[in-house]
Every structure is written in C-alpha cells, then in structure tokens.
Amino acid sequence: ETGVTQTPRHLVMGMTNKKSLKCEQHLGHNAMYWYKQSAKKPLELMFVYNFKEQTENNSVPSRFSPECPNSSHLFLHLHTLQPEDSALYLCASSQDFSGALEQYFGPGTRLTVT
Amino acid sequence: GQNIDQPTEMTATEGAIVQINCTYQTSGFNGLFWYQQHAGEAPTFLSYNVLDGLEEKGRFSSFLSRSKGYSYLLLKELQMKDSASYLCAVSLPGGGNKLTFGTGTQLKVEL
Chain H
1 ETGVTQTPRH LVMGMTNKKS LKCEQHLGHN AMYWYKQSAK KPLELMFVYN
51 FKEQTENNSV PSRFSPECPN SSHLFLHLHT LQPEDSALYL CASSQDFSGA
101 LEQYFGPGTR LTVT
Chain B
1 GQNIDQPTEM TATEGAIVQI NCTYQTSGFN GLFWYQQHAG EAPTFLSYNV
51 LDGLEEKGRF SSFLSRSKGY SYLLLKELQM KDSASYLCAV SLPGGGNKLT
101 FGTGTQLKVE L
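From first to last, the protein sequence lines stand for chains H and B.
Reading the first sequence from the start, the letters are residues 1 to 114 in this note's numbering.
Reading the second sequence from the start, the letters are residues 1 to 111 in this note's numbering.
This is chain H alone, in the form it adopts within the complex (with noise of 0.2 Å):
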C-alpha cells in the first residue's frame, strides 16, 4: 500500500463512451502525475500538476483531458479513445516537483478501449 488509489482498477470502454479515471492520495503531497505503461514500452509521462496547476502536458493528445481540483485528487477524463490507448494508466504523487523526489505509485488502471 502506497498510500495512492486509483479506481477503477480495470475499465473497459468503446470508442465513442466517454469515462474517467480516479486518482488519491492520502500523503500529504503537492505533486501529481499521469503516466502511461503499454506493453514493451517505457512508462510515459503525461501530465505534471503541481499545487492544482498543471506544469507540464507531455504533447497528450486532447482525447486525454487531466483535472486536478485539489491536491489530493487526480482525474484523467477519457472520450473517444482509439485502440491503441489500451494500457496500464498510473497515478503518482510526490511533495512537490522541485529537484528529484521520490514519487509514489498507484496500482493503475488497466484500460482496454474495443
């Protein structure tokens, strides 16, 4: 238990259903991030915010709409997804993002749009 949840743990949706994906953290931090883990590939970073700002949108394309409306709370907004969105999405938090801080995890959720 990272102190990071992500709900829900699998989703699956078509092309044209919109969904959303949560993301808590009961840690105390500033920080929070999106990332994308597909099969073979690196885990990607897709969005940064910080103190509810987003810092950073890592050239996402606009199917993905991130909300941070506090600092404990992360959303990831989905519509009209293409297959090859299937993925592992993982949440993570840390103090804030100055310098190289640790960051948490959540568990993800594992996306498969048909």
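Incorrect hints may appear among the rest.
Once the Cα atoms are required to be at most 20 Å apart in a straight line, the calculated SDA-like pairs of lysine to any residue come out as [claimed, not checked]:
#, chain 1, residue 1, chain 2, residue 2
1, B, 108, H, 39
2, H, 40, B, 7
3, H, 52, B, 96
4, H, 40, B, 21
5, H, 41, B, 21
6, H, 40, B, 1
7, B, 57, B, 82
8, H, 52, B, 95
For the record, the hints were derived by calculation from the structure and aren't laboratory data.
Using the hints provided, position chain B relative to the given structure of chain H.
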C-alpha cells in the same frame, strides 16, 4: 531525445547475486532512480543516486557513474519474491520532477 537502456529479461537462482545494468544518454541529469514493479502492482521506490558511487540498502545496492552514463542495481541473497520488473529512471533538470524511464528488466528468480 532521451535514451535509457536496460536488458529486457534476466534469470537468476535463489540465493545468488544479480546485477541489472542501466545506461543512459539524456539532455541533462538530476539523479537516477530504481523502482521495483511486481506484476499488476504499483512501482515502488528502491534507490536514488545523484553522486558517483555505491549506495547500499540492505540486500539492494545501486551504483552510479555519471561520466559513463551508467548505473547498476545489485540484488544479493535473491529470494523468490524478488521476481519482478526493475525500472531505471533518470530525473531531468529544469523543474517538474520529470522522470524518463527505461523499458524495465524482467527478473525471474528460480529455485
């Protein structure tokens, strides 16, 4: 671009020692992390190196040579529970605590 290389798979015997190598070529360097990820679980932090040399933490040690762009993770007295993927990640400068990951090394520990 950023490039981090590590072997895809390794196999070792219970009780033995294994060394997992990581080489990197990145536009800047602010430290190197090792994470462990069991199948279906969250990556968990193992070690962080920012200066050259060896950092020891129980059965796990991590080494860094910045001039060579090279790190390794050393696991001693291997146990079956050490079977997992080991991820090497470089922290890039410029703020944002951004990590660039390698593809991970899948370690299988056998009897």
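Against the structure, the hints:
1. Between the alpha carbons of residue 108(B) and residue 39(H) the distance comes to roughly 18 Å, so the proposed pair stays at or under 20 Å and holds.
2. Taking the CA atoms of residue 40(H) and residue 7(B), the gap is about 12 Å. The hint holds against a cut of 20 Å.
3. This hinted pair checks out: residue 52(H) and residue 96(B) have alpha carbons roughly 13 Å apart, not beyond 20 Å.
4. For the hint pairing residue 40(H) with residue 21(B), the CA-to-CA distance comes to about 18 Å; that is within 20 Å, so the pair holds.
5. Between the alpha carbons of residue 41(H) and residue 21(B) the distance comes to roughly 17 Å, so the proposed pair stays at or under 20 Å and holds.
6. Taking the CA atoms of residue 40(H) and residue 1(B), the gap is about 19 Å. The hint holds against a cut of 20 Å.
7. Proposed proximity of residue 57(B) and residue 82(B) is supported: the alpha carbons are some 15 Å apart, at most 20 Å.
8. With a CA separation close to 16 Å, the supplied pair residue 52(H) and residue 95(B) stays within the 20 Å bound.
When held up to the earlier numbered hints, the structure conflicts with none and fits them all.
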